[in-house]
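Colleague: Chains as they are written, first to last, in numbering that gives the first Met the number 0: chain H, 0 to 310; chain A, 0 to 425.
Just so you know, these hints were derived from the structure itself, not from any lab. Any given hint could be a false lead.
A partial selection of chain A residues facing chain H, derived with a Cβ cut-off under 7 angstroms [to be verified]:
id	residue
1	Leu80
2	Pro186
3	His188
4	Lys189
5	Gln397
Label pairs and their in silico Cβ distance ranges [what the hints assert, rightly or not]:
id	chain 1	residue 1	chain 2	residue 2	range
6	A	Arg131	H	Trp50	37 to 47 angstroms
7	H	His156	A	Pro363	31 to 41 angstroms
8	A	Met46	H	Arg116	45 to 55 angstroms
In silico negatives: residues of chain A with every beta carbon more than 12 angstroms from chain H [as the list claims (entries may be wrong)]:
id	residue
9	Thr43
10	Val66
11	Thr220
12	Gly288
13	Ser314
What you are looking at is a predicted structure, and each value in this text was computed from that prediction instead of being measured. Cβ coordinates follow ideal geometry from the N, Cα and C atoms, glycine included.
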Amino acid sequence: MSVHAPTGRSVTYKRPGVLTRLARSEHVAGWAFVAPATILIAVFALIPIGWSLVLSLQANNLIAPAHYVGLANYRALAKDPQFRSAVVHTLLYTVVFVPISVFGALGLAVALNRRIRGIRFYRLAVFVPLVTSTVATGIIFLWLLDPTFGLVNYLLHAVGLPQQQFLQDPNQALWCIVAMTVWGWLGFDVIIYLAALQGIPAELLEAAEMDGASRLSAFRSIVVPLLGPATLFLVVWSTINALQLFDEIYVTTRGGPLGSTTVIVYYLYQQAFQFFNGGYGAAIAYVLFVAILIVTLVQLWIGRRRVYYSS
Amino acid sequence: MKPLTIILIAAALLVSGCGGSSNSSTSPGHGHVNIVVWEGYTETEAMAIKKLAAEFNASQPNITVSVQSYGNSDYALQKVLAAIAGGRPPDISYLYGSWAPNIATNPGVVSLNKLIAADPSFQWNDFWSVERQVATVNGKIVGVPALVDNLALVYNKKLFAQAGLSAPTPNWTWTDFENAAVKLTDPAHKQFGWAYVNDASEDTVWRFWAMLWQAGGAILTPDGKHAAFDSPAGVKALTLLQTLARRKSIYFDNGSGNYLGLFTSGHIGMLWTGPWDLSNITAAKMSYGVQILPADLNHQTISGPDNWVMFNNGSARTQAAWQFLKWLTSPAIDLKWAQMTGDLPIRASVSGLSGYRQFVKKYPGIGLWAKNLGNATQARPVLTVYPKISTAVGQAVQAVLLGKTAPQQALQQAAQQVNGMLAVPG
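Assemble the whole structure, with the sequences as input and the hints as a guide.
Modeller: Following this line, the structure appears as structure tokens:
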């Protein structure tokens, strides 16, 4: 192909071939960079997600050849009293865990967002539980909360308070799990808030101070709104995590005592891997998936109206 | 899962590549067969199985056994299932006996009835009755016994002496046991007479089954269609637990196995446990004794045997796998295994071999557990629905231990649930 320049001089311009164009295209580079992650996610997440939908329509013990049962698993689920109590436990846990961990993290992040001696140590102390493995956390709490030999009861005794049964009491176990998971997860929320706090322009706070705003009202009217996106993210993220609670239960109470900490995912595990009801377990997973999707969409919808994005 | 964990797993996957194919297969010609054995042994046992496999490989020219560890036995089932689904199961895998009824539904599992019937020298009846019961699902033999254990009474001699108690005898009754447990209880010193795993898991349930049998009860009716544990015997057994719990004589273990350290450090007087705790108890250098369980009507105990299960990879490999298992579980080799590991012999005739006395001497207390296998006459129901039955009964026992429900009422509720489970066909 040639282009005739108006000056009359003839310039020949050869268009590069398809492969060359592809190789130079930013699209290709972009896809090449995300390909490994995309393939991994497809193989280890998307395909299993599709497969478990199929599984949820089967009577499948994961051992013998399966057969299709239509929506029977879902119908049984609707009438299953144990599933209903697992849902109740999960919701109870979530409505307590999410506010405590998000607000607690806000307080801690504000406290850690200043230049004082040893601040790195304090930040590290808050962060360490996050990188501690769940199993280790579970075992530590089992010992701390042991009714007879645990440190917590020892301290209660030392200050003259009555001894507690903690994880062995059906009325206390779920709250102990809340305490344990808040301890384990707080570090993550604090990091997000710390980063967000450091993104707040100092001149805004200075201007507020000059205008005579108290520290409290500056915090309320400037800091909290500017942290909105971080708060929205943390609420959504913590809710998803709380609804999927499993590891901590598996390591400590195994759903007990008397089923008082049997949450949805633990019940799913029991059904699929202890009772060999793979199809039923998959149906539970799908119900949870849809529930989480709806909750997240509602949260994002509310967030879009209430959260202020500074940029 | 935490984000860091996810990143690490993803990185590990990237580095390792996904899914190597390490299963060896039959090499062409020469009639030489390679077979793969999966097991989850650790430490002493892991070394022992490697040693025995090497000995077998050297003993004959046609079969090469390679032993591969699948990690923790608790998670073996998922891995074996994945291998079956992928079309490359191991030829032999160590699997828990409680999985047998479900494993039996897989068409890839080799039924051993014909192999055993065609081979009188294998002496199937030499295996303990409870092992054979657990390996047989609706008449189909799905495994060769790999391990057998049972519960015996282990006691701290020092605490018994301090409490002015004489040592438990083979004629001990529930009353003797109860009195001793109460006398050994001392809240001021955080000392308990007994320990009970109170996590409502099978660990909670099987000790209760032993007591139920001792009182003359049964888990299910003889036809296997209804619950039978809600009987006077069941109530009696659960009442003993209730009494000891009320008297604060029981340390409730939350399933993490803390009871063992508390026993060796002198906080617990008696345990009902198996040979698996023996090495730790011996290592603590404490003065302990082992006795058979106390009796109400009899001294029955309970055993949880595990199996070697064979998977079909063609007749040549099946034959080779059978040869290896026959050799591995033969009396002489089994005694060797017992001497190396301290596990109980899986065959009754091993106690008649000349090396048996050395074995008993090497592991003080083991002889009693071996003898106690004679008291393990019953097996838990070999049913696919058993894990569900166990969960219902676990809740009942836990409710009584925590003082929430009376024995009779707890058992009736559980029986009602179990009857519902048994009514479902399949």
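Colleague: Each hint: holds or not?
Modeller: Structure-based check of each hint:
no.: 1; hint: Leu80; result: holds (5 angstroms)
no.: 2; hint: Pro186; result: violated (9 angstroms)
no.: 3; hint: His188; result: violated (11 angstroms)
no.: 4; hint: Lys189; result: holds (6 angstroms)
no.: 5; hint: Gln397; result: holds (6 angstroms)
no.: 6; hint: A:Arg131 with H:Trp50: 37 to 47 angstroms; result: holds (38 angstroms)
no.: 7; hint: H:His156 with A:Pro363: 31 to 41 angstroms; result: holds (39 angstroms)
no.: 8; hint: A:Met46 with H:Arg116: 45 to 55 angstroms; result: holds (54 angstroms)
no.: 9; hint: Thr43; result: holds (24 angstroms)
no.: 10; hint: Val66; result: holds (24 angstroms)
no.: 11; hint: Thr220; result: holds (22 angstroms)
no.: 12; hint: Gly288; result: holds (25 angstroms)
no.: 13; hint: Ser314; result: holds (22 angstroms)
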